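J.: Read off the chains here:
There are 2 protein chains.
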Amino acid sequence: MTEAPTTKHRVVVVGAGFGGLFATKTLRRVPVSVTLINGTTYHLFEPLLYQVATGILSEGEVAPPVREILRHHDNLDIQLGWVTDVDVAQKTVLVNAPDGRERRVPYDSLIVAAGARNSYFGNDGFAEHAPSLKNIDDALELRSRIFHAFEMAELEEDSEARQRWLTFVLIGAGPTGVEMAGQIAELAHRALKGQYRHADLTQTRIILVDAADRVLPAFDPPMSHAALKRLSTMGVDVRLNTRVVDVDADGVKVDSAGGGERIEARTKIWAAGVAAPTLGHRIAEAAGAETDRAGRIRVNPDLTIPGHPEIFVVGDMAALDLPGVAQVAMQGGRYAARVIKGRLAGRPPTKPFRYFDKGNMATISRFSAVANVGKLHFSGVLGWLMWLGVHLFYLIGFKNKVTTLMHWVVTFLGRGRPQRIATTQQINARNALSRTPPVPS
Amino acid sequence: MTEAPTTKHRVVVVGAGFGGLFATKTLRRVPVSVTLINGTTYHLFEPLLYQVATGILSEGEVAPPVREILRHHDNLDIQLGWVTDVDVAQKTVLVNAPDGRERRVPYDSLIVAAGARNSYFGNDGFAEHAPSLKNIDDALELRSRIFHAFEMAELEEDSEARQRWLTFVLIGAGPTGVEMAGQIAELAHRALKGQYRHADLTQTRIILVDAADRVLPAFDPPMSHAALKRLSTMGVDVRLNTRVVDVDADGVKVDSAGGGERIEARTKIWAAGVAAPTLGHRIAEAAGAETDRAGRIRVNPDLTIPGHPEIFVVGDMAALDLPGVAQVAMQGGRYAARVIKGRLAGRPPTKPFRYFDKGNMATISRFSAVANVGKLHFSGVLGWLMWLGVHLFYLIGFKNKVTTLMHWVVTFLGRGRPQRIATTQQINARNALSRTPPVPS
Chain A
1 MTEAPTTKHR VVVVGAGFGG LFATKTLRRV PVSVTLINGT TYHLFEPLLY QVATGILSEG
61 EVAPPVREIL RHHDNLDIQL GWVTDVDVAQ KTVLVNAPDG RERRVPYDSL IVAAGARNSY
121 FGNDGFAEHA PSLKNIDDAL ELRSRIFHAF EMAELEEDSE ARQRWLTFVL IGAGPTGVEM
181 AGQIAELAHR ALKGQYRHAD LTQTRIILVD AADRVLPAFD PPMSHAALKR LSTMGVDVRL
241 NTRVVDVDAD GVKVDSAGGG ERIEARTKIW AAGVAAPTLG HRIAEAAGAE TDRAGRIRVN
301 PDLTIPGHPE IFVVGDMAAL DLPGVAQVAM QGGRYAARVI KGRLAGRPPT KPFRYFDKGN
361 MATISRFSAV ANVGKLHFSG VLGWLMWLGV HLFYLIGFKN KVTTLMHWVV TFLGRGRPQR
421 IATTQQINAR NALSRTPPVP S
Chain B
1001 MTEAPTTKHR VVVVGAGFGG LFATKTLRRV PVSVTLINGT TYHLFEPLLY QVATGILSEG
1061 EVAPPVREIL RHHDNLDIQL GWVTDVDVAQ KTVLVNAPDG RERRVPYDSL IVAAGARNSY
1121 FGNDGFAEHA PSLKNIDDAL ELRSRIFHAF EMAELEEDSE ARQRWLTFVL IGAGPTGVEM
1181 AGQIAELAHR ALKGQYRHAD LTQTRIILVD AADRVLPAFD PPMSHAALKR LSTMGVDVRL
1241 NTRVVDVDAD GVKVDSAGGG ERIEARTKIW AAGVAAPTLG HRIAEAAGAE TDRAGRIRVN
1301 PDLTIPGHPE IFVVGDMAAL DLPGVAQVAM QGGRYAARVI KGRLAGRPPT KPFRYFDKGN
1361 MATISRFSAV ANVGKLHFSG VLGWLMWLGV HLFYLIGFKN KVTTLMHWVV TFLGRGRPQR
1421 IATTQQINAR NALSRTPPVP S
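Heads up: the sequence lines are chains A and B, in that order.
Anchor point for the first sequence: position 60 equals 60 in the numbering used here, and the numbering is continuous, going up by one each time.
Anchor point for the second sequence: position 259 equals 1259 in the numbering used here, and the numbering is continuous, going up by one each time.
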């Protein structure tokens, strides 16, 4: 289909995460033509991904289709594909379609918001044994591994092997590690209680390891303290000042001031470092920009790349001294869109980007969370009610809110974990790694 | 863990579908020890599988964990694994665990209820291009293909190639084929309406092919007529007396009295034949029983195998002249359990198994279904309300009922399709077949 050539200013937005989505939303009534390019068909509500991995929510509830969210945008073209490179001279991005074909998309302004991926700090071989939790595939893989571990413990007759299936190691005590540790504890001690006959789920060991000296290091120290206390009450074994030096199919090796130790565990979850995606390096190279140690691009105070006022970098890909949370990306995306709008209207340059910190929160278990809001601290039930309110508020506009609320009622008031499916495709992909014959379908 | 030897009568139930589940439920208060062996951790509510494939329900909603459903059964041991063989002399079944290990489980009575799988009538090569819809993996694969097809149509610039992405062929006009055709029509003409900019979804072609001379041949002819009329109104192109002779990546070849024709279509769905799983042949061989053309085992009027009163075959695996519906399996499972109970109580043999036909129903679109109940016929809105009532009734006992109802409200009153995820694992597995490079995760 050919279209009439447009004389409108063309904005290309890379990524439909919080940054890209809010940039696009802010441009809705601006006389530009927007192309939003994303590698998947959905926006990922990443703060709730741990609930998919632990059977509370379905994947559709945290990953609404981008076309559905933005269906009323008349100036928008949504394209499925991965941006792999940028030509700053020709002002085009190179896009890989899922069928392997490449195409170039021209831009007048470019907003890069491709997020972050997990970093194994050079030990990429760990990934197979300790998946991270950054996307839907990760969450479904972890869901499959966690629920499968309890089933295998039930089948296993050797007590050491059974304990290995009942041991879960979480590497990294940021919000993801803490939330996953809390949820696995709830699974073992509450949701799955009484459903197994041979495996004794009270023997479940959940070990949370971090090289830092406190959990949730991005929070104020009293919150770290409250979280640690709650985790201990739940039976989570928290090992601080402890570094993971090796990961294999049957366990991890850790090192601390007290010496080295091996922990036997079938299920390991990587919740440690993040790094910019490869695209960050390609763009930095193409635009002659600098990157920091994590591969994030150094930007001007207005989020543009030095020498390229037409290229904005927002969210986790920008080297700002800010936490990798949704709010930073949302505010960055909105800011970039406003700068473009202002320029087109001939207004003088806007003020530099300033992040307004609305606070930070992490759930530990049902009815228990910690939250920092400015100088205020909330923990326990109060923190949890804040978490609930904020998340219900941000789910507005997503049709899944009502069913999400229902699933929370089932999980928090009842004991249900409605989403526990492991697919045969997942099991066979893992069996292929260990040369076990495929299971029939 | 070793257990005290039991002197109780040991019942092994193979399969946690409708047959196995109802046999186990019926044995709850009977002084026997029950071992339920299933290849997955969930019971599959197969009549709603098409709603997973078309984005209405999440997989967890149609596949509740067996341990959750049967958590109050004290005489029950649930084991994950595939039964691959039976030793009728030693009275043991051979079980394959997901880690490839084998074990033998002894029985005094055996209830075999492993269901059916799809049959490609000897053309197993069709499976890759035209997946069937018998399990969760199938439903998720079809969901991924269907929603992906609309995205690829949006990206495609060549009009023939685009039309190929917008053409869906359903092979088999039984309930699955009819329900899928209706749902794809609703997707194209209602749920996804207005969400694409380049692809014109009004050009979507949905072709339903069957060698029989009417749709829904298991229903009374007036119902077939009503269904056909409704499908035509929705724009579904129904080709009766037409046989599919070849399937490849880009289309199908069909043959009818009018001659042969090739239909170009990227998405094909196999909803034609069913056959007994391989286990049926193994058991028939071991027990010296006969099988019919579809591989189903010929049984006595009390559902036992001739010469083996301790082995019952229920549901789709038994060669009875009955439809392959949930009710047959449920009633068969309950019957077998009652025979066992009666024998243990020393009661004289019960009457032969008699199927009580509660009726047959299939939805065509929202607010439209056909239903046979005895001699009564319902179609249109009335049929749909019956469908709704019956399905809500049978979902009782599953915690997901409320969220399922909410999803139906969203889908039928609104236009939402909350579950549209294609995983990277699925896309890459397909790309591997066509040698396309993997997409990044």
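Simulated from the structure, these hints should not be mistaken for lab results.
Computed from a predicted structure; not experimentally measured.
Accuracy of the hints is not assured; some may be wrong.
Under 8 Å between C-beta atoms, here's a sample of chain A residues computed to sit facing chain B [to be verified]:
#, residue
1, 32
2, 39
3, 68
4, 71
5, 100
6, 102
7, 105
8, 195
9, 403
10, 418
11, 427
12, 429
Don't be surprised by glycine CBs; every beta carbon is placed ideally from N, CA and C.
J.: For each hint, tell me whether it holds in the structure or not.
T.: Status of each hint after checking the structure:
At about 15 Å, the closest approach between the beta carbon of residue 32 of chain A and any beta carbon in chain B exceeds 8 Å, and the interface hint on this residue is violated. Below 8 Å, beta-carbon pairs count as interface contacts, and residue 39 of chain A has one with chain B at about 7 Å; its hint therefore holds. Proximity of residue 68 of chain A to chain B holds as hinted, the smallest CB-CB distance being about 7 Å (cut-off 8 Å). Evaluation of the residue 71 of chain A hint against chain B yields a held restraint, the C-beta minimum of about 5 Å falling below 8 Å.
Given hint, residue 100 of chain A at the interface with chain B, holds; its Cβ is 4 Å from that chain's nearest Cβ, closer than 8 Å. With its C-beta approaching chain B no nearer than about 11 Å, residue 102 of chain A sits outside the 8 Å limit, and its interface hint is violated. Annotation: interface hint on residue 105 of chain A violated; nearest CB of chain B at approximately 11 Å, more than 8 Å. Because the smallest distance between the Cβ of residue 195 of chain A and any Cβ of chain B comes to about 4 Å, under 8 Å, the interface hint for this residue holds.
Among the interface hints, the one on residue 403 of chain A holds; its C-beta lies about 5 Å from the nearest C-beta in chain B, closer than the 8 Å criterion. Using the Cβ-Cβ criterion of 8 Å, the hint placing residue 418 of chain A at the interface with chain B is satisfied: the shortest such distance is roughly 5 Å. Of the supplied interface hints, the one on residue 427 of chain A holds, with its beta-carbon coming within about 6 Å of a beta-carbon of chain B, less than 8 Å. The restraint placing residue 429 of chain A at the interface with chain B holds, with a minimum CB-CB distance near 7 Å, inside the 8 Å limit.
The structure fails to meet hints 1, 6, 7 from the earlier list, while all remaining hints are met.
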